[in-house]
Amino acid sequence: MSQEKVTIEIDGRTIGARAGEPLIEAADRAGIYIPRFCYHKHLSVVASCRMCLVEVERAPKPLPACATQVADGMKVATRSAGALDAQRGVMEFLLINHPLDCPICDQGGECELQDQALGYGRGVSRFVEGKRAVADEDLGPLVATEMTRCIHCTRCVRFLEEIAGDQELGGMHRGEQLRISTYTGEPLRSELSSNIIDLCPVGALTNKPFRFRARAWELLSFPMVSVHDGVGSHLSVHTYQGRIQRVVPRECSTINETWIADRDRYAIEGLAAPDRLREPLVKRYGEWHTAGWEEALSAAVAGVRRVLEGHGAAGIGALLAPHATLEELYLGGRVVRALGSANVDHRLREGDVSDQEQAPPFPYLGGTIAELEQADAVLLIGSYPRHEQPLIQHRLRKAARAGAQIMALGLRRFAWNFELAEEHAVAPQHLVSELAAVAQALGERKQRKLPQALRGLPGGSVSEPARAMAKRLLAGERAVVLLGNQALSHPQAATLRALAALIGEWSGGRFGVLAAAANSAGGWLAGALPHREVAGRPSAEQGLAADAMVRAQLPCYLLHDVEPEHDLWDPAAADAALRQAEHVVAVSSFASERLREVADVLLPLGAFGETAGTYVNTEGRWQSVRGVAQSYAEARPGWRIWCALAQLLELEGFAYPDIAAVHAEIAGACRDVQPSSRYPAELRSSGATSADGGSSSAPGRASGQGSGVTLALAGAVPIYAGDALVRRSEPLQQSPLAARLEAVVAPETAQQLGISHAETDEATVRVRVQAAAAEALELPLVVSSTIPAGTVWIPAGLAERAQLGPPFGTVTIEAL
Amino acid sequence: MRQETAQEKAQHAAQETALTEAQQARIDRWLAQYPPDPAGRRSAVIPALHVLQDDNGGTLERHHIAALADYLGMPRAAVFEVATFYSMFHLDTACGRHKVNICTNISCWLNGADGLVAYAEEKLGVRLGETTTDGRITLVREEECLAGCVGAPMMVVDGHYHTHLTRERIDEILDGLD
Ligand code: SF4
Ligand code: FES
Ligand code: FES
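Residue numbers (this note's numbering), protein chains in the order written: chain A, 1 to 816; chain B, 1001 to 1178.
Hints are computed from structural coordinates only; laboratory data are not their basis.
One thing to keep in mind: the hints can contain errors.
To be verified - Cut-off 25 Å, straight-line C-alpha distance, at most; resulting in silico cross-link-like pairs (DMTMM-like, lysine to aspartate or glutamate): (1) A/Lys131 x B/Glu1130; (2) A/Lys131 x B/Asp1070; (3) A/Lys398 x B/Asp1037; (4) B/Lys1123 x B/Glu1061; (5) A/Lys5 x A/Glu21; (6) B/Lys1099 x A/Glu176; (7) A/Lys398 x B/Asp1070; (8) A/Lys131 x B/Glu1144; (9) A/Lys41 x A/Glu4; (10) A/Lys131 x B/Glu1142.
What the hints assert, rightly or not - Over the 10 Å line for every Cβ pair with chain B, so calculated as not near, a few chain A residues: (11) Gly170; (12) Arg174; (13) His531.
This one's a predicted model, so the numbers in the text were calculated from it and none came from an experiment.
Glycine included, C-beta positions come from ideal geometry on N, C-alpha and C.
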């Protein structure tokens, strides 16, 4: 499309437009509504529904506005007798086979067909013959279908093909028999699948869990942002009688366009899970007792006081969820500091933070989310955004479709929805050296030398894939280097950051970190860190980082929205630490069995939508939301809980009248913070210089004892396992993307294990997995060439694997 | 690297699916006639479906579609779309030894195709889309214009055109099938 400006006339109004743009777009911009079904601004134009017919001067017949390109001097009539007649005619045809079931249709009241029939149709139907009926589809637990209502606009088909990247639906058969179907009856697999609900102009595709909960006109709508990754997608939350009933996307062209991930939409289904914490609980002599707030807060405070007296302030540590609000993270950190401890952290899934002193103010994407689609060469390191930040994947896919060379250096191969230019998967203990090799290859081309601290990392010669990646990065004009969730939880994450930042610099592009959680960035700004206070001010005391806190086995832990068996880097160590602690206070929305075992006081926390607060996304954008739902039973917003604790502890400076005052304090402090993604090339930690990352036994060899094989362990948190709410959403847990706890190994490794069956998706054998001194775990084994030899892939973040410890390490495996 | 992956994918597809080497070779011959890119591979879908259908006694099964989709690098749904669109493909239905397509599109319809269909249905004791119990004849589903309008009404039997149909001609032709 050219940028040439032209002038056209629509319904007598003169408007400016770009030559060649679709007429319907120019009209939309001018606020002139033309009816449509198949057109959508983010999808290709098929002009199949003909609802948008308008009259254009000198055209012999009405033209579809979505498929008519604007030309200078064009005169258009959208409401002339001819146009209205054409629209009425199309409407009549569309309604011929459409059932008259509006009273029982979930789309009723927000149906484009209903609206347009009212606005552009006839009052009475002339069609007296029988209507067709279409057999229903089963698309899985997220999307409900009533295919007789389908008007074949193909928006759903085009979305799945063009945006989601896998055409799972198609127009089967033809003519009178045409139906939208998967044909195979398999459930949808895309992480973005539920967007077809919003796209479907009729009630053929609707929100399955929401079905029959409320009528559209009974709902109140509130703006909200999503809290399940660092993207911060814009949402509208719909409530009925104070309860959240459903979530729909809210348009934001610079973040999520018009889409959201299924996770963003269906996480709310976990809000009323059976183990939701309804009232404060206090444990006495091993028994839980329901308590009033006052009693529970006093019990929490009394325990903290006992620890202060017996062990001093250093015995207290706070682990705060990285998806808590900025205000909660700020107050949690301040309470701990006011007590005299600096043991506070929100980096719960990170094991190496040795570069924290020299780190920038917060982990930063290095630019905006929207800019990603302009990149022409991208290196993703330890990242699978499709499951980690689905809307980032969407931007990358757009870039790839526009010709960008996207490369992945990671720990296994994944099911990308675009063609990668390079994909290199290595065992976890080689990730650092492979990345160093990319840096080295870049250095060779640019006549630069690796800084002292990073030298000696590449083990020998630079590998072919590393060389190819360096070459493509240099060829790009707008190169981007991104570190993903798996790299950030790698045991040598600091070295990876240093190398990746260097690669970004040497390739003349930008470097960024993809934030894993809603406030992974905000936690830094709020001072939920052992070494920095709000706005990056140096901490007077030096405290322990999350993993060190766990290893130090402190006498007192304060948990905010944390499920230790899921959310901590080393859940085994966390479990041990919490079990030995004298006093554990958990501020939490849910009370899992494990949490009830280790906690002494449980304080019910307002969950998503029930509390106001601020989230800082991966591009450093601050987004504040209001609490829009009634509080659940006795649950209270986290900021109030922390203030109440502070007051009972007689700490100064926590008398805030409202959350706005807390927010203002943080915002004021952060006013001059400049985002940056510069990481130091000189590393302080010694671990950085060893390419092997200190893994003692060489993976891939038969070990001494028994017939077991020693393998490197690697794993990522599955898409629907990241936080307590998502984990409790039944529809998400029933969908095909729900986590399966399996051990996945390469065919070579399977052979070593004495298993000689072909690669399959289905597990047929079971294996015993043993990590360190922990109890062994029996898991189904899957053989897949997506895993590098010598590695076993076991998903992280699942309670059932907690005894294996961190996502990475060494395990012994034996076939059963 | 990229080549390796593509190769591996192809290997993988070949293992998992039911395409025989001979079938692959025949499909490859078609592929050679189109540009060597994803769109080109898609273009080979119709001849490739014919290869599989011919090898399978005139019908297609779902696993053929899956196999072919993987081989051509197409979404499965897209191959199902093609296989269900054309009346020359018979998906998920057993077919008789002979396939009879009676055109019912405009020219043939104006010349009495509807009556001929009814006649053939009665004669064979099956409806459109069904196969006689003895497995002799499949009356293929409602057929669109077969480009034989000059000789309307017309039908195609096992790929051969028969024009200017009458009930007598239908008797003659159908009775002549073994
Ligand atoms: S199901 Fe809905 S979105 Fe899909 S083609 Fe039918 S009407 Fe359009
Ligand atoms: S919106 Fe233009 S033809 Fe459907
Ligand atoms: S209409 Fe029957 S052949 Fe054309």
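Review point. B/Lys1099 and A/Glu176: Cα distance at most 25 Å?
Key: Holds: B/Lys1099 and A/Glu176 sit about 22 Å apart, inside 25 Å.
Exercise for review: Would you check whether the claim that A/Arg174 is not at the interface survives, using Cβ distances to chain B and the 10 Å cut-off?
Suggested key: violated (5 Å)
Check your understanding: Under the criterion that the straight-line Cα-Cα distance not exceed 25 Å, is the pair A/Lys41, A/Glu4 satisfied?
Key -> This hinted pair holds, its Cα atoms lying about 20 Å apart.
Review point. Is A/Lys398 within 25 Å of B/Asp1070, Cα to Cα?
Key: Status holds; Cα separation ~23 Å.
Exercise for review: Over 10 Å to the closest beta carbon of chain B is the bar; see if A/His531 clears it.
Suggested key: holds (40 Å)
Review point. Given the proposed pairing of A/Lys131 with B/Asp1070, does the C-alpha separation stay at or below 25 Å?
Key: With Cα atoms ~37 Å apart, A/Lys131 and B/Asp1070 exceed 25 Å; violated.
Review point. If you draw a straight line from the CA of A/Lys131 to the CA of B/Glu1142, is it 25 Å or shorter?
Key: Holds - the C-alpha atoms of B/Glu1142 and A/Lys131 are around 19 Å apart, at most 25 Å.
Check your understanding: Taking 25 Å as the top limit, are the C-alpha atoms of A/Lys398 and B/Asp1037 close enough?
Key -> Given that 25 Å is the threshold and the Cα spacing comes to 19 Å, the pair holds.
Exercise for review: With a cut-off of 25 Å on the C-alpha distance, tell me whether A/Lys131 and B/Glu1144 pass.
Suggested key: Given pair A/Lys131, B/Glu1144 holds - Cα atoms ~22 Å apart, limit 25 Å.
Review point. Between A/Lys131 and B/Glu1130, is the straight-line Cα distance small enough, at 25 Å or below?
Key: holds (24 Å)
Review point. Taking C-beta pairs only, is A/Gly170 more than 10 Å away from all of chain B?
Key: violated (4 Å)
Exercise for review: Quickly compare the C-alpha distance for A/Lys5 and A/Glu21 to 25 Å and report which way the hint goes.
Suggested key: Holds. A/Lys5 to A/Glu21 sits at ~10 Å (cutoff 25 Å).
When held up to the earlier numbered hints, the structure conflicts with 2, 4, 11 and 12 and fits the remainder.
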